[in-house]
Amino acid sequence: MSSAAFTETVAKAGVDWHSDEMKARRKRRYAADRRLQIYGIVAISFALGFLAILIGSLTFSGHKAFTQTVATIEIDLSGAKVDPNNIKDADWRGIVRGALRAQMPGLSRREERKFFEMFTSSGQFLVRDAVLADPSRLNGVSRFAIPMADPIDQLAKGEISRDTPENQRRVNDQQIAMFDQLVEKGVISTPFNWGLFFNADSRFPELAGLAGAISGSFWSLLVCFIISFPIGIAAAIYLEEFAPKNKLTDLIEVNINNLAAVPSVVFGLLGLAVFLGWLGLPRSAPLVGGLVLALMTLPTLIIVTRVSLKSVPSSIREAALGVGASKHEMIFHHVLPLAIPAVMTGSIISLARALGETAPLLLIGMNAFITSPPDGVFAASTALPTQIYIWADSPERGFVARTSAAILVLLAFLVLMNGIAIYLRQRFERRW
Amino acid sequence: MSGYLIAALALAALMMTFVGCARARATQNGAAEKTHSRPIYHGLNAAIWTGVPAFIFLLLWLGGQNSVINQLVIASFPGAENLDPSARSLILSEIRQVAAGNIFKEPTPEIQAAVAHLKSLQQISTVAMVAVVAATMAIGAFLGYRVIGNRYRARHSVERSVTYFMMFSSFVAIVTTLGIVASLVFEALQFFAKVPVTEFLFGLRWEPQIAIRADQVAGQGAFGVLPVMFGTFVISLISMIVAVPTGILSAIYLTEYADRRFRAAVKPLLEILAGVPTVVYGFFAVLTVAPAVRSLGLGLGIPSSPNSALAAGAVMGVMIIPFISSLSDDALAAVPRAMREGSFALGATKGETIRKVLLPAALPGIVGGVLLALSRAVGETMIVVMAAGLIARMTLNPFDAVTTVTVQIVTLLIGDSEFDNPKTLAAFALGLILFLVTLMLNLIALRTVRKYREKY
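Protein chains in written order, with the numbering used here: chain A, 8 to 439; chain B, 0 to 455.
Hints are supplied without guarantee of correctness; some may be wrong.
[As the list claims (entries may be wrong)] Covered by chain B, according to a simulated footprint, are these stretches of chain A (three or more residues, beta-carbon under 8 Å):
1. 45–58
2. 243–249
3. 263–274
4. 357–364
5. 367–376
Honestly, the hints are just simulated from the structure, not real lab data. Just so it is clear, CB atoms sit at the ideal spot from N, CA and C, and this is done for glycine as well.
Just need the whole structure built from these sequences, with the hints factored in.
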């Protein structure tokens, strides 16, 4: 190696440093230096390139789910036999099918079945709920947006190519022809897909949304915060300021450091055995999810809080004690307020981690199929990451785009939380 | 119900703060002697007396009520005393299901009677709970209000309560560890009662999908953990092969070569890799990496499976890069300046200094970081659940599918699980092994890092 040669030359006296041999050696040594630099750049480009591909491919496959192909159909409800006092039980299936039939008259029975398949199978419920929300629509003609079924949605977005042979795609030639007719009539449009945010989960990709997952995540994080924030701060204050140095506190400290590195799935096992098995709490509930996440984030939160307490200079403590404050007053009136921005930053970051955590939530059953958003911490629900897992496992092609879109939503929440944390840090953090 | 009760407790405590504060102020106004505590402490003290005992009582009640009611219901169920525990729990869960309104078939008259019994017991329990909690609250409020006076040391009392709360909080960490160990060991022992320990530890076949009911068609069942451990080892090894060189080289470049602006821009970007949720990596591995790896393998003429170890391991490796990078960064930064400058003074180039001086000096810290990263790779769940296989094979071919400990834990426990069959319990035995392995890696790593820090 070059540096072995380099030590040799130092030992010898009277070396001609300008000889070709020495020049070549220098060149080699500098080349080695440059190689190391290039390796470093390659390593960094590999990591960052991977990140770019990750974000790029998710955006590419996910952005299409933010729009949804819908057919805007006019339905004349004044002629339909709907009892205004019992809107729920009217023949909505017949009404919707009649309106659809009017768009494409003169089809045979088989053609008609293929035609109806092009629209979401839950169109009748959408129309019913719209009328329930606004009964005045019963009095005349009004327009309803009916989402197209998943294959047609894919066709409209160009995911299904018209060039593939008919038996290899999920839309037949006849349906394509009918779709083109609808487009010509101006019935089809692709507005922003609000359903992605306001619908709950569904077996049909065109109706599936994240409302249940987002509110489930919200309730879980709320429980997690309510438990871990006070307990984490209290534990950190005790360990940093009050605890005597003895075997027990040493044990607690080693324990917290190790707990921070325990795999998250083990916390899921804990939740399953203790909260569900022994305490009998309800399965799939955000309450249990929040408890498990709280236990998981607690060690990190304690470590972060201790570091920020430590960074408050001792002159402030001594000044407070000097004018007669008790130890509690010194901490709660002076040290903690100075440390709280850093504590808030740390706890928002650990909440963001908790938001992305999946494995423990799977074990306590937050991957159930639930078609309505939870109305509290005891109701069964999913969370954003578990919803991503469920959709990623679903066979329908439409769910690929939905999964990517859900990931983008999750990443947006994470960016938002980390952004708030960074803002807090830059705005309030003091350097002593 | 308990939600309202907690809200009522909080409200009452808040009210008592103001009431106590006002009373303390009133007594202090006319007092000749100097008072001990400021009025706010009297208020807080009254609030603590009002809220805390009642709240603790409420938690205990909620924790205990289910098992007590279960005991009472099952005791009154005809013929239950002759049944074994698993049959009892089956009946209990049926009763609970019917009571919750999930009826699949018409319940028998005995079950209906038990449901009625259960519902009446629940009602009694709720009423009793509200009464007892309200009484505790009222007594606490009365006592807290009565002690208010000039001589009463309310501040000491409040501070003592706060100290107790802080002590309790720092014990939560220990209780969590104990809870983990207890639940894992308890369920694992039940598993070892059904499957011998030696078969579990040294068996070469892992086929846990056994029949839960008698009429199901399923495998015989074999619980040998070695193939699963082997798969975990293969995937962790692949991830380390990806992460260790990349992480260390990027740390070297960032600390030694890059200028400040480059470093300030790139370091947060690398940290993003660690902040991306693992379920996202898993989806990415399935969607993009696995097909690419498969076509690569088939192009090379190697038998490849769609969920190859290479895809899962490589993606996991990328996830770990920032982890290794930042720990190596710390280790390199901790090498004393004198060593670096001594090397430069002898005429060494930067690259020679890094390779011959800095890396050897920082090696223990880097090794500690790598061990921590390894423990994270072993415990990583979602990437492998989504991208690795389910069948335990002992193969070193990275294009083939292997399974890992965490994959098995999740697949065994997903869906409905009964606590008394070996399939469910096996997951806890695997969890115990996972916990012990990661604990050992963490302890060694933390010790290495700490020892090394003391040296300089």
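These are the hints, each one checked on the structure:
Note: the stretch 45–58 of chain A has 11 residues with beta-carbon separation from chain B under 8 Å; the three-residue rule is met and the coverage holds. For a cut-off of 8 Å, the count of residues in the stretch 243–249 of chain A with a CB near a CB of chain B stands at 4, and the three-residue condition holds. Figure legend: the stretch 263–274 of chain A, annotated as covered by chain B; annotation consistent (11 residues with Cβ-Cβ distances under 8 Å, at least 3 required). For a cut-off of 8 Å, the count of residues in the stretch 357–364 of chain A with a CB near a CB of chain B stands at 5, and the three-residue condition holds.
For the stretch 367–376 of chain A, the proposed coverage by chain B is satisfied: 3 residues have a C-beta within less than 8 Å of a C-beta in that chain, meeting the threshold of three.
In terms of the numbered hints stated before, the structure departs from none.
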